[in-house]
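Visitor: Let's have the full structure, built from the sequences with the hints guiding it.
In terms of the working numbering, the sequence shown opens at residue 1 and continues consecutively.
Read the hints as simulated data drawn from the structure, not as lab findings. Possibly wrong hints are sitting among the right ones.
[What the hints assert, rightly or not] Straight-line C-alpha distance at most 27 angstroms; calculated DSSO-like pairs for lysine-lysine:
| hint | residue 1 | residue 2 |
| --- | --- | --- |
| 1 | Lys-52 | Lys-77 |
| 2 | Lys-77 | Lys-97 |
| 3 | Lys-77 | Lys-90 |
| 4 | Lys-103 | Lys-52 |
| 5 | Lys-90 | Lys-52 |
| 6 | Lys-77 | Lys-103 |
| 7 | Lys-103 | Lys-90 |
| 8 | Lys-97 | Lys-52 |
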Amino acid sequence: MDTPPFNNLIHNDIDMFWSNRLDLIHSTADVRSFVCEYLPLLGIDYDTSIAKTILQLRHIDVVEAQSLVSEITALAKLIYDERDMSARLKLWQQLAKTVGYDKEI
1 MDTPPFNNLI
11 HNDIDMFWSN
21 RLDLIHSTAD
31 VRSFVCEYLP
41 LLGIDYDTSI
51 AKTILQLRHI
61 DVVEAQSLVS
71 EITALAKLIY
81 DERDMSARLK
91 LWQQLAKTVG
101 YDKEI
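Guide: Shown next as structure tokens:
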């Protein structure tokens, strides 16, 4: 069985998904909304995946949102790299506050 073409197809589908999803972001409010969509999904099993998702914001080019994107992606990178769960929780709470997420993390 020839798996590389199948792997390429999967990678192309993932790239297309992120391209389409990120094309919907045109403002600071859209950036906040993007992050807030994923925060309710947080759990010990998903926080690394959600951090990776939020890191996708690095690929947008919205001038007015660049400082917010930089702050968010810096926090997401810290979360991704942190192994201590209590430290990660504090970082998630900081990220939630940064985007105005009003529910408890």
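Visitor: All hints, please: hold or fail.
Guide: Status of each hint after checking the structure:
The hinted pair formed by Lys-52 and Lys-77 meets the criterion: a straight-line CA distance of about 8 angstroms does not exceed 27 angstroms. Of the pairs offered as hints, the one joining Lys-77 and Lys-97 holds, with about 16 angstroms between alpha carbons and a cut-off of 27 angstroms not exceeded. Annotation: proposed proximity of Lys-77 to Lys-90 holds, straight-line Cα distance about 14 angstroms (limit 27 angstroms). Straight-line distance between C-alpha atoms of Lys-103 and Lys-52 comes to about 21 angstroms, which keeps the hinted pair within the 27 angstroms bound.
The straight-line distance between the Cα atoms of Lys-90 and Lys-52 is roughly 17 angstroms, inside the 27 angstroms bound, and the hint therefore holds. Simply put, Lys-77 and Lys-103 have alpha-carbon atoms about 22 angstroms apart, close enough for the 27 angstroms limit, and the pair holds. Our distance criterion of 27 angstroms between C-alpha atoms is met by Lys-103 and Lys-90, whose separation comes to about 14 angstroms. For the proposed pair Lys-97 and Lys-52, the alpha carbon gap of about 19 angstroms is at most 27 angstroms, so the pair holds.
Hint compliance for this structure: every hint is met.
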